[in-house]
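Residue numbers (the working numbering), protein chains in the order written: chain A, 1 to 362; chain B, 1 to 510.
Rather than coming from a laboratory, the hints here were simulated on the basis of the structure.
Beta carbons: idealized from backbone N, C-alpha and C, even for Gly.
Incorrect hints may have been included.
[Claimed, not checked] Listed next, the in silico SDA-like pairs over lysine to any residue satisfying Cα-Cα at most 25 Å (straight line): (1) Lys137/A / Lys379/B; (2) Lys363/B / Ala400/B; (3) Lys137/A / Arg267/B.
[Said to hold, decoys possible] Which bits of chain A does chain B cover? Going by a derived footprint, with three or more residues having C-beta under 8 Å, they are: (4) 161 to 167; (5) 225 to 236.
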Amino acid sequence: MNKRVRSVLNSLISVVLALVLAFVVIGILLMWRGYDPAATFLALFKGAFVGKSNLSASLVLAIPLILGGLGIALSFRCGIFNIGGEGQLYLGAFAATWLGVNLQGLPFFLHIPICLLGSMLFGGMWALIPGWLKIKKGYNETITSVLLNYVGLYFVNYTLASFFKGEGTLNNQSPKIQESAMLSRLIPGTELSTSLYLTIAIVILFWFIFYKTDIGFKLRAVGANGEAARTSGVNTGKYLLIAIITSGALSGLAGSVQILGYQHLLVQNFSPNTGYDIISVALMGSLHPVGVALAGFLLGALRSGASVMQIMMGVPVTILYIIQGIVILSVLGFSYAKIDFIGLVSGLFSDSKRGMEKEAAK
Amino acid sequence: MTPVLSVRNITKRFGTNTANDHVTFDLYPGEVHSLLGENGAGKSTLMNVIYGVYGADEGEIFVNGKRAEIASPKEAIGLGIGMVHQHFMLIPAFTVAENIVLGMKKELRLDMKQVEAQILEASQKYDLHVDPHALVSTLSVGEQQRVEILKVLFRGAKILILDEPTAVLTPQETEELFKILRNLKKDGVSVIFISHKLNEVLSISDRVSILRRGKITNCFDDLSQCDPQVLASAMVGYQVRLGVDKAEQEPGETVLEVRDLRVDDERKRPIIKDFNLSVRAGEIVGLAGVDGNGQSELIKGIAGLMPLSGGKVVLCGQEMNGKPPRAFIDAGLGHIPEDRHRQGLVLSMSVLENLFLETIQDKPYSKAHVLQKKAITEKAKELVEFNDIRTASLDLEAGALSGGNQQKIIVGRILDQEPKLLIAAHPTRGLDIGATEFVHRCILKARERGCAVLLVSTELDEILALSDRVAVIYEGECMGVVPQAQATKNAIGLLMAGVKNKEASGTAAS
Numbered sequence: 001m002n003k004r005v006r007s008v009l010n011s012l013i014s015v016v017l018a019l020v021l022a023f024v025v026i027g028i029l030l031m032w033r034g035y036d037p038a039a040t041f042l043a044l045f046k047g048a049f050v051g052k053s054n055l056s057a058s059l060v061l062a063i064p065l066i067l068g069g070l071g072i073a074l075s076f077r078c079g080i081f082n083i084g085g086e087g088q089l090y091l092g093a094f095a096a097t098w099l100g101v102n103l104q105g106l107p108f109f110l111h112i113p114i115c116l117l118g119s120m121l122f123g124g125m126w127a128l129i130p131g132w133l134k135i136k137k138g139y140n141e142t143i144t145s146v147l148l149n150y151v152g153l154y155f156v157n158y159t160l161a162s163f164f165k166g167e168g169t170l171n172n173q174s175p176k177i178q179e180s181a182m183l184s185r186l187i188p189g190t191e192l193s194t195s196l197y198l199t200i201a202i203v204i205l206f207w208f209i210f211y212k213t214d215i216g217f218k219l220r221a222v223g224a225n226g227e228a229a230r231t232s233g234v235n236t237g238k239y240l241l242i243a244i245i246t247s248g249a250l251s252g253l254a255g256s257v258q259i260l261g262y263q264h265l266l267v268q269n270f271s272p273n274t275g276y277d278i279i280s281v282a283l284m285g286s287l288h289p290v291g292v293a294l295a296g297f298l299l300g301a302l303r304s305g306a307s308v309m310q311i312m313m314g315v316p317v318t319i320l321y322i323i324q325g326i327v328i329l330s331v332l333g334f335s336y337a338k339i340d341f342i343g344l345v346s347g348l349f350s351d352s353k354r355g356m357e358k359e360a361a362k
Numbered sequence: 001m002t003p004v005l006s007v008r009n010i011t012k013r014f015g016t017n018t019a020n021d022h023v024t025f026d027l028y029p030g031e032v033h034s035l036l037g038e039n040g041a042g043k044s045t046l047m048n049v050i051y052g053v054y055g056a057d058e059g060e061i062f063v064n065g066k067r068a069e070i071a072s073p074k075e076a077i078g079l080g081i082g083m084v085h086q087h088f089m090l091i092p093a094f095t096v097a098e099n100i101v102l103g104m105k106k107e108l109r110l111d112m113k114q115v116e117a118q119i120l121e122a123s124q125k126y127d128l129h130v131d132p133h134a135l136v137s138t139l140s141v142g143e144q145q146r147v148e149i150l151k152v153l154f155r156g157a158k159i160l161i162l163d164e165p166t167a168v169l170t171p172q173e174t175e176e177l178f179k180i181l182r183n184l185k186k187d188g189v190s191v192i193f194i195s196h197k198l199n200e201v202l203s204i205s206d207r208v209s210i211l212r213r214g215k216i217t218n219c220f221d222d223l224s225q226c227d228p229q230v231l232a233s234a235m236v237g238y239q240v241r242l243g244v245d246k247a248e249q250e251p252g253e254t255v256l257e258v259r260d261l262r263v264d265d266e267r268k269r270p271i272i273k274d275f276n277l278s279v280r281a282g283e284i285v286g287l288a289g290v291d292g293n294g295q296s297e298l299i300k301g302i303a304g305l306m307p308l309s310g311g312k313v314v315l316c317g318q319e320m321n322g323k324p325p326r327a328f329i330d331a332g333l334g335h336i337p338e339d340r341h342r343q344g345l346v347l348s349m350s351v352l353e354n355l356f357l358e359t360i361q362d363k364p365y366s367k368a369h370v371l372q373k374k375a376i377t378e379k380a381k382e383l384v385e386f387n388d389i390r391t392a393s394l395d396l397e398a399g400a401l402s403g404g405n406q407q408k409i410i411v412g413r414i415l416d417q418e419p420k421l422l423i424a425a426h427p428t429r430g431l432d433i434g435a436t437e438f439v440h441r442c443i444l445k446a447r448e449r450g451c452a453v454l455l456v457s458t459e460l461d462e463i464l465a466l467s468d469r470v471a472v473i474y475e476g477e478c479m480g481v482v483p484q485a486q487a488t489k490n491a492i493g494l495l496m497a498g499v500k501n502k503e504a505s506g507t508a509a510s
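Build out the structure end to end from the sequences listed, making use of the hints.
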């Protein structure tokens with residue numbers, strides 16, 4: 001079997017096993033609390049996938065997770081650990097909202113790209129700070145980036161309480177953006193916007209850059225063994241910077257698509273913890289663009305299904321976080337232990353064949 | 001005579017891999033019995049079984065004719081078996097006496113005076129000259145090794161296992177070690193000597209056993225009939241011809257010029273001190289020296305991987321100071337790094353990807369940043385075939401290959417770029433005889449093509465066989481440059497130990 005197919009199958013199996021494990025644990029928990037597990041899971045499933053409005057609600061939640069997750073996957077793959085998605089996302093959303101409110105008289109085909117690029121620029125620049133400190137000064141980027149989350153988040157809160165506060169409201173929120181900055185709806189009556197197309201395009205683009213260009217080749221080499229990459233002439237500092245800036249830009253985009261797509265104004269804490277959830281998505285997706293897309297969709301669907309479940313069954317949404325935690329821990333555990341599920345299964349059928357492959361490998 | 005140590009039919013398996021396959025091995029009182037074999041032949045496994053680190057799956061061990069169950073190194077020591085590891089286990093901040101007594105005394109009160117007296121007595125008895133009061137950190141490598149041997153003898157060892165003991169020694173220090181071993185023999189101590197240096201094995205051993213793929217294939221009881229050729233052939237299992245064919249050749253213009261080079265480590269301590277060296281086209285300059293005398297820093301300085309704190313590097317007429325690594329490669333540098341796992345390969349990437357670490361962005365492999373799969377695969381197939389890289393597939397992770405095949409990936413891809421200067425750092429370290437031959441042939445071919453080669457190695461035999469001139473590095477300084485004709489083991493050995501030789505430095509200046 002082709003090695004790549006094998007590793008993809010292995011990650012898929014590990015996610016499925018992790019989900020099964022998570023649902024078994026939750027099932028026990030539900031029975032203990034006197035809920036009917038089967039009915040609860042059915043409600044969760046229906047809420048996530050069945051019907052136009054449920055499915056689009058899932059996609060709406062999935063889009064920022066996928067976009068941000070791609071950026072995190074890129075930075076992790078390159079060996080620079082951007083944990084600053086939260087701050088980058090809020091600053092991106094701020095930039096997009098500000099441009100969306102204050103630029104007037106632009107046609108939508110200019111206004112929307114300007115807002116999106118603005119959010120990417122802000123997110124990217126926010127990520128540049130830990131990146132630059134890492135490359136020039138050797139500061140640990142995980143610490144600097146996570147600390148900058150608070151700076152970013154509270155800066156945005158401050159603007160919403162002061163100069164960027166909308167008129168005629170007691171809430172700390174921005175004015176509404178211009179119509180020309182709003183993304184159009186794909187399905188009337190839902191919040192799903194054309195940002196879905198943008199997301200799909202970016203997933204494909206990322207996959208292409210990662211595996212089909214020399215830039216992706218070098219990003220992967222730097223992440224897997226920076227010293228070997230440097231010895232063979234790769235400017236590792238440059239690639240680390242590219243990786244973290246791109247990562248920040250995508251986190252910014254994960255913020256702006258929510259504003260331009262359906263929220264249309266910026267509220268304090270409008271997207272709590274998304275900047276951390278995207279790390280989970282990246283890890284669940286094995287840092288592979290397509291894996292990230294699937295993981296983001298899965299998490300978005302669980303989120304959206306959980307709220308339906310809460311309404312129908314009275315089971316609190318928070319059990320979802322338990323599912324999320326178990327899934328991530330198990331997926332990471334499986335990949336850390338390097339369990340070769342395909343090998344295990346085929347080994348049950350023919351022990352000798354595996355031995356031969358190993359010999360041939362030598 | 002009963003053997004002091006008798007190993008009978010020892011088998012040790014790791015998973016499906018049999019590291020020792022029914023190994024039988026006898027050691028008689030007062031003999032030096034060498035164990036010779038390539039990497040991965042099972043020498044270390046066997047020693048670890050004898051020393052109680054691993055339990056054997058099958059077989060028995062007899063010590064002085066009595067069956068012994070050795071479950072831990074502690075029990076091995078109790079039976080009079082002592083091991084001197086390749087990497088010393090000494091505490092630098094302790095004195096010799098403190099190191100020797102460490103972990104030994106059971107009484108509450110420690111009478112250091114008495115211990116020191118005992119050590120002095122033992123060291124005189126065996127001609128193991130060390131000062132018991134000296135701090136280990138002030139000792140040379142050879143002296144530290146003597147402390148290790150003394151430590152083992154002090155615990156009552158009658159069987160001494162020496163694992164590659166000469167790897168860190170200069171030729172003179174090696175001679176001294178052999179003198180000590182001969183003294184120990186007279187006293188009835190038996191020695192298992194593990195090495196892959198054929199000449200040394202022949203000069204010190206009474207008998208030689210060859211381990212190949214986990215089995216003892218030969219045991220030479222009479223070494224008068226043996227030469228390195230015979231031993232090498234027995235090691236690999238086919239006829240090998242040692243030595244290299246090197247044609248006379250006039251070197252061309254200077255390709256690498258290193259002037260007053262200074263390199264500091266991260267803590268700003270000077271490592272390389274005013275180093276001067278030049279390498280001309282079509283010549284091989286060997287850089288000899290005991291490991292850890294600044295070779296890594298010198299190479300990194302010359303390859304642009306470490307900042308210079310003084311002097312300059314001129315490559316093909318271009319001054320390279322302050323330029324990034326890529327500029328060095330573009331100027332014609334090919335670098336076979338000393339650590340193939342850390343610097344030479346990305347182990348988690350495929351064999352195919354590892355063949356293009358330097359060249360991936362070049363035409364025809366990339367066009368407008370897009371990888372050209374067809375051109376890449378064709379070139380990879382060509383490189384794999386030309387360099388005889390044995391891999392099940394191009395998509396296999398480089399980490400899954402044997403050391404020899406990994407090194408062939410590096411050597412193959414570097415020489416394919418036809419560098420003007422080749423830095424080959426320990427290019428055959430840890431390789432088997434077949435792969436070593438291949439790498440040597442590649443280096444000589446590069447020389448024939450007019451490539452300037454800087455060969456860095458701690459294996460003096462390798463340096464002397466390949467080089468046109470030999471430079472010696474000692475504590476970051478160039479001790480001298482000697483033409484091949486004058487480069488005897490003795491002359492180089494003295495320089496390696498830091499003894500400046502007027503003649504040699506005279507040649508360096510010219």
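Here's how the hints hold up against the structure:
A distance of roughly 40 Å separates the Cα atoms of Lys137/A and Lys379/B; the hinted pair therefore is violated under the 25 Å criterion. Between the alpha carbons of Lys363/B and Ala400/B the distance comes to roughly 29 Å, so the proposed pair goes past 25 Å and is violated. A threshold of 25 Å between alpha carbons decides the hint, and for Lys137/A with Arg267/B the separation of about 15 Å falls inside it, so the pair holds. For the region 161 to 167 of chain A, the stated coverage by chain B is violated: 0 residues have a C-beta nearer than 8 Å to a C-beta of that chain, whereas at least 3 were required.
Chain B is given as covering the region 225 to 236 of chain A, and this holds because 10 residues of the stretch bring a CB closer than 8 Å to a CB of that chain, at least three being needed.
Checked against the numbered hints given earlier, the structure breaks hints 1, 2, 4 and satisfies all the rest.
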